[in-house]
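*Asks:* As a plain string of letters, each chain reads:
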Amino acid sequence: MKRLTVPRLFALFALLLLVSTLGLEHYLRVDRSGSVKRTIVSTWVGGKRRSRAVVTRDVEGALSQKAREQRAMRVAEDVVDEGPVLSTQPVIFGASFVPGRDGVEARYDGRVAYATVDDLLALQAYNHALILGPIRLQLGVDPDVVLDALAGELGVTREELTEHGTFRRLALRHRLPPEPAPAVNEQNLRTASVSAGRYLARAVRPDGSYRYEVNGIDNEETDDYNWPRHCGATWYLSETANYTREPTMLDAAARAARRLSQEALGHCGKHRCVGVGDRADLGSSALGLLALVELVEGGSMPELMPVVRDLAAFIRSQQRPDGEFMHFYDRVKDEPVDKQVLYYTGEAAFALARAERVTHDPGDLDAARRALERLVDYPFWYIGWHYFWGAEHWTCHALGALWEKAPNPKALRFCMEWQEAVRTTAIWDREANPEYDGATSAGPFVPPALVGTATRMEAAVSTLRTARLAGLPAREIEELEWGIRKALAFLMRFQLEPGPQNVMRAPGMMRGGIPNTPTDFHVRIDNPQHAGTALLHYLKLLEERKN
Amino acid sequence: MGPLNVPTSLERKKEIAFAVGNLIPATVLGSGLLALPVRFWPTDIVVGGATFTLAAASSLVIGRPALARRALLLGARVLLGVGLLLVTAALLSVAFLSGIHGDFGRGGVTLMLLVTLLVLPYAVVYPLVELWWLGARRGTPPVSEPLPAASAEGESAA
Chain A
7 MKRLTVPRLF
17 ALFALLLLVS
27 TLGLEHYLRV
37 DRSGSVKRTI
47 VSTWVGGKRR
57 SRAVVTRDVE
67 GALSQKAREQ
77 RAMRVAEDVV
87 DEGPVLSTQP
97 VIFGASFVPG
107 RDGVEARYDG
117 RVAYATVDDL
127 LALQAYNHAL
137 ILGPIRLQLG
147 VDPDVVLDAL
157 AGELGVTREE
167 LTEHGTFRRL
177 ALRHRLPPEP
187 APAVNEQNLR
197 TASVSAGRYL
207 ARAVRPDGSY
217 RYEVNGIDNE
227 ETDDYNWPRH
237 CGATWYLSET
247 ANYTREPTML
257 DAAARAARRL
267 SQEALGHCGK
277 HRCVGVGDRA
287 DLGSSALGLL
297 ALVELVEGGS
307 MPELMPVVRD
317 LAAFIRSQQR
327 PDGEFMHFYD
337 RVKDEPVDKQ
347 VLYYTGEAAF
357 ALARAERVTH
367 DPGDLDAARR
377 ALERLVDYPF
387 WYIGWHYFWG
397 AEHWTCHALG
407 ALWEKAPNPK
417 ALRFCMEWQE
427 AVRTTAIWDR
437 EANPEYDGAT
447 SAGPFVPPAL
457 VGTATRMEAA
467 VSTLRTARLA
477 GLPAREIEEL
487 EWGIRKALAF
497 LMRFQLEPGP
507 QNVMRAPGMM
517 RGGIPNTPTD
527 FHVRIDNPQH
537 AGTALLHYLK
547 LLEERKN
Chain B
9 MGPLNVPTSL
19 ERKKEIAFAV
29 GNLIPATVLG
39 SGLLALPVRF
49 WPTDIVVGGA
59 TFTLAAASSL
69 VIGRPALARR
79 ALLLGARVLL
89 GVGLLLVTAA
99 LLSVAFLSGI
109 HGDFGRGGVT
119 LMLLVTLLVL
129 PYAVVYPLVE
139 LWWLGARRGT
149 PPVSEPLPAA
159 SAEGESAA
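Read top to bottom, the protein sequences are chains A and B.
Under my numbering, the first residue of the first sequence carries the number 7, and numbering increases by one thereafter.
Under my numbering, the first residue of the second sequence carries the number 9, and numbering increases by one thereafter.
Just so you know, the hints here were simulated from the structure itself, not pulled from any lab data.
A few chain B residues that don't get close to chain A, going by computed Cβ distances all over 10 Å: (1) Ser-17; (2) Thr-35; (3) Gly-38; (4) Ser-39; (5) Asp-52; (6) Thr-61; (7) Leu-68; (8) Arg-72; (9) Arg-78; (10) Val-127; (11) Pro-129.
Among chain A residues calculated to face chain B with C-beta under 10 Å, some are: (12) Val-12; (13) Leu-24; (14) Tyr-33; (15) Arg-38; (16) Gly-89; (17) Phe-103; (18) Pro-140; (19) Glu-437.
By construction, the Cβ of each residue, glycine as well, lies at the ideal position given by its N, Cα and C atoms.
Chain B with its partners taken away, still in its complex shape (with noise of 0.2 Å):
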């Protein structure tokens, strides 16, 4: 068998999942760059970069196996960063808003609430848990790397 027709291993299938899912976000915040009706630089940048370095990360992951870890990596930092952003900037409009407004009264606090939950698990929850992913394979080769010697010998000894 040559290195395509490996069968692809569990790990694996949650490294192209990681991408997958990487390419949701992606795809939402392009979108919303391209819908906005005015430009205004600094969220061009910010939004555009992240959109760009997703999509590239995850075409990686896809088509460089050996990349995959390193590129899933970039990609989660980039989009817990961006998450990070967005709440920071959310929860600080929030909180000039609740400053000179009070009480928003119900309405406002289930709206503030929705976006909230809207944002939260796709932003911030979901590159935390790639990241631990990551975290607790350091230090283990990528599925894509050449098997141990150990392996070798299991195939020959079939």
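One chain only, chain A, in its complex shape (with noise of 0.2 Å):
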């Protein structure tokens, strides 16, 4: 009898246990199948709002007269389910929502306010993260921020509304303006690639630098600056300009590959390269390359050419005879400093392998197929390299620029191997977010970031090409499309094109820019670089085989 107690007293902590998990998830759980409960209509000016009413009917017609007079934005967006919200404890009522689903619903003293989807972009409260130290935490949105403007609301202090005020969690979908869903095809990869190109060219300023980085929301920018990603923005407007021939895209290439070479072009010993101060580093140089290859190449800027040979000498003299690189040289002392970092050997070999096709130097397609080598050759005892993958993005370019000069099998199989762990680990069946199908994620519960799906989708493309031209076998090249098709269409169903318009200040300077994540407006260069090579990419995929 003594020994049946801990066994029992175990069997009832375990189902005391099972109880709790299920009620609790039941009772927070949501339906965003669900029919309309009410809609919650508000009319926007300038990326604020004016005016709003919550309706049960006539949808079509709430607060038409005030956007008319207002010259207002009229968005609708439906209440499709509620559930509670435990606590205002921050961690827990931060964590209480999905970010981009959800909004919060406020009571206080018979007054009801709202901070709808639309009011948590434009508060930017989805992209709160809780700092413990050296950890991030990301929550679903910022318990400050929304308890704040909840109490702007309704007129009363922040304290008065968490010890007296009731809380409602309201899981919402946008009816006006529908939530965009394009379709993968030649017309919408043609509009979202080309806009992002015409981002940019709007992005380059008259002496040729970039807005760097802008907040979609207020329009403001930040003071960083990077030349590497300077030279990868130009590498993509100046293809984007090449495929339209639009003169203010040509043009807006044009200043930005002046800027590279009157402020950002010095010595490195005998050869040219891309680098301000006392160290320059091989990723600038290649990816300036990349850039001026691509305007010699489309014939704007053809007085480009010496530079061309000089950058792609540059990158050759940094060349270890393993086809390594170093991946800087030190100004000062005149020397190559034999340091590796992240992404510069890929960056190197693709940008020599492009060059080849202007300079038809032997030396530039060399130097590239080795260091492809090299880049591919992993050491038989790391046994667990199937498992950890780096960000191989300009491995694969540098595979597809090689590939009819000077195939490499075994870099085709690394890539299609690396794509499968890409499709493998992406995100699949989120309930509350099923437009995130194929993204590369970043957490189970936070928005996948754009820009780390567009890499890999830029590198799949490279990858597919390669894999047609080779042969491989249609199992393998239909699943690689696939899963390009599903992250594609992740990229433009967020592409603020136009996006949330309602919720910017200039929404106009926006358009055909990939913010960072589909809750987080800022767009840096690369962001509209990365997504916008993927699917001008792959439209010519597309293009080449109807052809």
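With the hints as a guide, bring both chains together as one complex.
*Replies:* The structure is reproduced here in structure tokens:
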């Protein structure tokens, strides 16, 4: 009898725990496929909300007159379900909402205030991270911002609201304007990729520098600048300009290239390199070379050909006998620095492979070939390599650029396997956000980063083209293309084309931009570069297939 | 032969094995506590107390064989308590997040499964096995107690 006490207690504990967990899950769950309970209609002008009405019928008529008077944009968000909020304790409150899907209802003394998805986007409340020392914990909403905003709406202090108010979670769905779901076809790919190019063209100032990073909500810029990203953005801008032949894009690309050659082109020994200060890095020179090759090849700036040759020579001079590159050059001591960082070897291999198309120098091709061999040559004792992938987009670009002249089947297998890993670890079947399918995950409870998905997809498209040329089995190619189409649909869905214009101060300036995440509208110049490259290269593949 | 030179029996070896086994979660818990970048007193008390108790109990098992069974029992109970606390916190967190987000998708399920598999065997299954082993020996004397007369007789007869 006594010996049965412990197992019985244990079984009782397990049962209680099971009931508690199932009960808690059921209590908090909302049904996002449910019918519309009520609709929150708002009018917006210049990124600010002007008026609001909550209706259960005649959504079309609600605030129509007011919107006309205010020359405002009318937006309707349907409440499809609601659920409880357990506590206003910051961590629990912050984690109680799904970013981009949930809003908050606050009741105080008979009055009601709403913070809808659009309100929270405008407040930038979904992008809050709780910092605990070195730990960065991403919550659903920023409790301080949300509670302050709701308290302001209700005309009370935040303390009064948290003390005496009650809160509900609202599962919302946009009715007006409807949520976009662009199909992956030639027309939409063209619109999206060209729009990304136009965003970059608008971002080039008269002096050739870019508006480096812009917050889409308030149109404010950051103070940072980064030459490798200037070079990368100019590469994509030049490629789109060559594709469309639009004068404004060609002009913007030329301004950015002139800025590069005037401000960032220096000397590294007997060659020219891209670098400011005492130390030049290989990545800037490689991306700068890519941009200039595009402009020379497109015929818009043939005068850059000597610079192209010299930059290629600099990159070759940094290569070691084993194919690896020395990633830095000390301009004070006038010698290479044999240190390696992420990306640069792949960027150098790709840039040399592309440069050879205009230089016709076998040395460029040979250097690119040896670098690619080195990149995919893992030592035999590294048994975990299959599971530990780096960011290999430049490697797979190099594979594609070299295939016709220096095919590397081992590199093709490497990129195919990497893409399989990318698909396996992508987001699939997230109940609250089915529109994230195919995106590269940043964690199970946070919105995915668009640029992380974009870099993998530009590599995937290069791999797809190569796999077709190499005649790989149809099943492998179909799986690869399926993953690409899902991820490109995700990118197009969240491109600011135009995005939720009502919450942005200057939506016209942001059009075509690729935001950091579906709820963080900061656009850095490499976001449209990577996404645009994936979209444009896939479009070109579809066009080639048709012809 | 003095008591210190008595050959170690299989039972004694098992006691020492459990004592060493308890030191592993004690090390993991202690290191985790030290590595935490922020201090939160309830965590400090529970995890710090468990670490200390496990380490002290293991020392007693090795240094004081007569107290070995009682020390192992204390260590196993403390470890099971911490394990159940961790599992409870993890499951309630999963239930909360599942209620808010719905199905997490494949990635989320894999992550949660990995965490569960890492915690359950060491913090729940292992102390349960230890308690079962101790329970089966309840009433039998610890191996270091004086041997019964029959053994003494046998020794003198040899």
